[in-house]
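Protein chains: 2
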Amino acid sequence: MIKITLPDGSVREYNEGVTAYEVAASISQGLAKAVLAAEVNGEVWDLTRPIKQDSSLKLLKFEDEGGKKTFWHSSAHLMAEAVEEAFPDAKFWVGPPVDNGYYYDIDLNGHKLTEEDLGKLEKRMTELAAQGNKYVRTEMPKAEAVKYFTEKGDEYKLDLLQNLNDGEITFYQQGHFTDLCRGPHIPSTDYIKAIKLLSIAGAYWKGDEKNKQLTRIYGVTFPKQALLDAHLAMLEEARKNDHRTLGRELEIFTFDEEVGPGLPLWLPKGAAIIEKLERLAKDSEHEQGYVRVKTPHLAKEALYIRSGHLPYYAESMFPPMEMDGQKYYLKAMNCPHHHKIFGALPKSYRDLPMRLAEYGTCYRYEQSGELFGLMRVRSMQMNDAHIYCTKAQFAEEFMKVNELYVKYFKIFGIDKYQMRFSTHDPAKLGQKYIDNAPLWLETETMVRDVLTKSGVPYVEVADEAAFYGPKIDIQLWSSIGKEFTIATNQVDFAQAERFDLTYMNEHNEKERPIIIHRAPLGTHERFIGFLLEHYAGKFPVWLAPEQVAILPISDKYMDYAKEVQQTLRKAGLEVTLDDRAEKIGKKIRDTEIKRTPYMLVVGEKEAEAKAVAVRRQGKGDLGTIPLTDFVMQIKEEVANYL
Amino acid sequence: MIKITLPDGSVREYNEGVTAYEVAASISQGLAKAVLAAEVNGEVWDLTRPIKQDSSLKLLKFEDEGGKKTFWHSSAHLMAEAVEEAFPDAKFWVGPPVDNGYYYDIDLNGHKLTEEDLGKLEKRMTELAAQGNKYVRTEMPKAEAVKYFTEKGDEYKLDLLQNLNDGEITFYQQGHFTDLCRGPHIPSTDYIKAIKLLSIAGAYWKGDEKNKQLTRIYGVTFPKQALLDAHLAMLEEARKNDHRTLGRELEIFTFDEEVGPGLPLWLPKGAAIIEKLERLAKDSEHEQGYVRVKTPHLAKEALYIRSGHLPYYAESMFPPMEMDGQKYYLKAMNCPHHHKIFGALPKSYRDLPMRLAEYGTCYRYEQSGELFGLMRVRSMQMNDAHIYCTKAQFAEEFMKVNELYVKYFKIFGIDKYQMRFSTHDPAKLGQKYIDNAPLWLETETMVRDVLTKSGVPYVEVADEAAFYGPKIDIQLWSSIGKEFTIATNQVDFAQAERFDLTYMNEHNEKERPIIIHRAPLGTHERFIGFLLEHYAGKFPVWLAPEQVAILPISDKYMDYAKEVQQTLRKAGLEVTLDDRAEKIGKKIRDTEIKRTPYMLVVGEKEAEAKAVAVRRQGKGDLGTIPLTDFVMQIKEEVANYL
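Protein chains in written order, with our numbering: chain R, 92 to 733; chain H, 92 to 733.
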């Protein structure tokens with residue numbers, strides 16, 4: 092008998108060689124139907140693979156990342172089967188799961204795939220799926236595998252085999268398709284109920300443009316048709332509300348060839364949003380006892396050697412400038428500068444927690460092919476702060492950071508979010524992780540307690556922590572269900588030592604502070620990109636880059652319109668005046684396209700009465716009210732955005 | 092007879108060969124006594140030099156820059172006379188006037204000058220001055236001058252002669268001292284009534300450390316003893332209130348060896364001042380219809396070639412970064428980026444004036460020896476904006492900028508300031524200045540009109556404009572009378588063409604906007620440096636980096652003290668809590684050193700009554716009032732800083 096430990100800590104006994112599927116079935120038949128794969132001692136396995144010793148076990152459904160990845164990987168094999176049937180001389184490179192589906196890179200021996208081909212492949216995949224063929228795993232000695240692919244004339248798989256040794260080589264077969272594959276896979280093809288092949292792209296073999304171009308086919312599959320329908324609807328919404336399109340239409344940002352790729356120029360409307368976000372962050376942080384700092388955008392090489400960014404992170408940094416016989420680098424992170432500020436003056440325990448905040452602009456090198464709108468850029472303004480605290484203060488500080496996240500989610504109407512809590516692997520202490528086992532356990536326990544107590548949804552992922560401490564990534568879903576990773580939150584017990592940061596404790600002894608890195612609003616670039624899509628450009632009044640548009644019925648009322656504009660400006664509002672010689676109907680239509688929350692129509696009646704005719708985006712005419720009333724109403728609306 | 096045109100436009104006739112002194116005397120004896128030199132056709136001359144043709148003439152007194160410079164230059168010669176008398180083998184390099192006096196670089200043949208020597212030299216200078224020796228100008232052919240200094244064995248003056256030609260070589264003699272000198276000088280030594288030799292320094296010949304080190308003696312002189320007394324008092328105050336000392340004491344900023352020289356790190360108290368200044372600027376600009384933008388801190392070489400910064404300004408820029416086969420440079424100015432934003436979308440006359448504002452951080456290379464506290468730095472955050480307007484809008488826009496300057500002067504209690512209006516020289520159109528005579532005249536007239544109408548003090552300086560338009564430098568004097576040049580204000584009619592910026596005018600034709608560059612609060616670095624000295628660290632409540640300090644009488648009242656702190660924080664105030672286990676007397680004394688405007692003492696009585704005992708910096712105890720009253724009072728004081 093072996094002992095199987097489940098995530099809730101309960102332990103069950105089974106015969107040696109039990110499979111995860113059998114464990115699931117021993118709990119309930121419903122569960123057995125829903126599980127796709129299993130995490131055995133932290134590694135994802137086939138449901139049908141025998142477990143031969145005491146193990147921890149987590150059953151994975153489609154909702155779990157490991158389950159979803161397994162499902163999509165198996166779908167890639169299913170697609171490959173259909174492709175091989177249609178194009179018998181096709182050769183296959185790799186077919187991994189990705190964020191929203193999977194792809195397979197295939198050498199089609201010169202055949203150009205059409206939309207029609209895609210439709211046919213999709214149809215055939217559906218038929219093959221219904222056959223319920225099992226995914227069968229077999230191990231094979233290297234010599235035999237090499238022989239197999241040499242006979243088949245498959246240079247791609249032979250290339251993959253080069254880096255594998257005996258004992259690591261497994262094949263998976265379903266129906267008539269066999270692939271060299273590490274696995275794991277779902278039990279059989281009939282788990283796949285809904286299939287969509289999305290697009291075809293060219294992809295150089297191994298990403299090197301000197302190599303042959305392969306055909307990449309993207310697809311997505313689901314265990315239920317309803318899930319596919321929802322996903323396709325989301326993709327269509329996302330296409331319409333792509334932040335790059337909205338950013339151009341609403342005049343939020345632009346790029347310029349002479350400035351450089353990945354370096355957004357924020358137009359006035361974009362900068363207006365930035366100002367509001369920064370004011371929100373600064374006010375929230377001030378109230379929570381943060382203090383602000385300002386640091387230069389570069390430093391000598393020495394600083395980054397101290398922090399450890401050089402040489403390990405050099406590829407993600409901008410190249411150096413040579414000045415006065417020294418190398419200077421643009422900062423890729425604000426932390427080293429903040430540590431210098433913490434260390435500039437002696438600190439006592441009474442100074443802690445010290446929370447240093449800065450909306451600092453960082454520069455990171457990304458390959459130009461990787462750049463994508465505001466989502467992947469080379470310059471980024473971070474809602475950054477570093478909290479220096481004692482071990483005793485850690486849990487409270489961490490809780491407050493957590494509360495700040497939740498406060499922001501509420502403000503921005505983000506209903507679906509998840510904290511992804513990455514922990515260390517005790518086996519890798521001293522290699523992948525800083526070698527301080529008690530500190531890891533202690534902080535991870537504190538973080539887990541805070542997450543549990545505060546009731547935020549979270550998943551725990553082993554062996555994905557940062558080198559210097561546990562890490563939390565924040566995943567958000569926009570109103571149309573598109574996923575974004577916006578911010579990370581990290582605990583750090585390494586940098587204080589590298590920078591020799593200390594404080595005097597109550598007993599007049601030097602101690603090292605624990606450091607929390609946090610950036611709840613992420614970078615302006617990514618967060619505004621997210622907000623554009625999340626709101627589909629219809630920003631709430633407090634955040635709208637153009638809060639009020641004044642539309643005079645004719646030029647005769649321009650003086651009064653300007654008076655209204657100045658009154659609203661003095662109230663701190665973003666307000667434009669449509670002074671074109673256009674009919675009022677056209678002015679209203681054009682303003683609607685700009686998604687401006689309020690339109691104020693002014694004509695003779697309004698000018699005489701010092702009033703405004705109010706139109707609300709999406710609600711239409713709200714009637715005529717005195718200007719002073721409108722100012723009071725909108726100021727109140729702006730102030731109470733919660 | 093020749094015609095002499097005076098600055099007020101009046102024309103007087105004199106015999107050919109009249110001197111400026113005679114012109115002054117013909118106006119009034121009092122004037123003749125006060126003038127030191129004269130500007131003849133834009134060039135500063137000796138008062139006694141004969142004028143041989145029709146000329147414009149401006150008489151220069153000590154108050155005029157040209158007069159002061161001449162006075163100090165003559166004082167350098169007087170000092171040289173005393174030095175030569177005391178050290179007959181001394182050789183003299185150059186002795187120019189500087190901002191606050193003059194110096195002379197002297198080869199003393201190995202003699203080490205002492206403080207005692209300085210005193211003796213000062214005494215001897217006073218005696219020589221009283222002799223009333225005339226400064227006599229003589230021209231000399233180059234051959235004769237070379238012969239003279241060769242015989243004298245003076246390699247320094249021979250070096251100077253190398254770059255001079257016949258007709259350019261003049262000597263000045265007073266008493267027993269003769270110097271190769273372009274002049275001009277004051278009429279005689281008895282104009283110099285008060286003398287102070289300030290300091291001795293080493294200075295490498297020609298600034299090159301491979302050369303011999305000369306002795307540099309700094310001095311200052313005045314036409315009245317009272318002026319010297321006031322100047323020395325100002326220097327003493329300035330020494331005590333040096334922004335570097337105050338910056339350290341009040342924890343405003345720091346430098347770090349590993350970050351780099353000239354790159355200030357703003358500590359929390361400094362960043363608090365920055366936040367307040369930015370909020371003032373942003374609110375003021377928003378009310379005046381500015382819109383904000385945000386641009387990256389670097390761009391490709393191509394952008395700066397277009398703007399003309401490269402190659403001409405390359406020495407003042409940071410060195411390039413090589414990336415993707417391109418050179419990228421940190422921005423030394425925000426203008427090129429702003430022009431790109433203006434040009435990103437088509438503009439019509441209805442979009443103008445467009446006022447693009449950004450507190451942009453710029454990077455400029457300064458020799459490390461030139462760096463000085465916050466006054467000469469390598470990174471600077473500018474209160475920048477560019478106004479794009481039509482010619483018809485120019486005067487009004489320029490007036491509004493001017494009003495903004497005056498508004499700020501009032502807010503910061505700057506009573507003494509001057510606008511230095513630099514115009515072009517028509518003779519240099521097409522060389523030093525962009526070749527558009529009518530536009531120069533038109534804009535200069537508009538600027539002059541605005542300056543005159545608004546009644547701000549200004550001086551006009553010919554031939555000091557920027558290449559692309561007239562320029563205004565703003566000179567301020569701190570409360571102790573130290574001078575600062577804080578900001579410039581420039582009109583630009585060149586960049587719109589370089590960037591091909593246009594707008595559609597009323598007749599649907601493309602036109603180029605005029606651009607105003609303006610930065611009323613200069614850079615944070617220089618302006619906060621100025622404010623530290625101006626306020627001697629005692630910032631007014633609205634601007635103070637620490638507005639309120641809470642001093643609990645003992646630990647027993649810490650909970651209430653924290654409650655007070657949180658209430659004040661929520662009111663948006665910068666507030667600290669002195670939680671040390673010190674006696675209240677010590678807490679008060681320590682807080683006074685920090686120049687915190689308000690101290691709130693809290694003990695049993697205050698905690699029970701929800702009150703605070705208020706102490707005001709410089710005023711002492713103001714009695715006990717309810718906390719809610721204090722919040723209202725201080726919020727009102729902060730809001731009404733004008």
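Check before you lean on any hint, since a few could be wrong.
[What the hints assert, rightly or not] Chain H regions said to be covered by chain R (calculated; three or more residues, Cβ under 8 Å):
1) 281-293
2) 385-396
3) 429-436
4) 692-705
[To be verified] Some chain R residues well away from chain H (every beta-carbon gap over 12 Å; in silico):
5) 154
6) 202
7) 208
8) 255
9) 315
10) 365
11) 373
12) 390
13) 429
14) 441
15) 537
16) 650
The set of hints was computed from the structure by calculation and includes no laboratory data.
We put the CB at the ideal spot given by N, CA and C, even for glycine.
Legend entry - Earlier hints that do not hold, by number: 1, 4, 10, 11, 12, 13, 14
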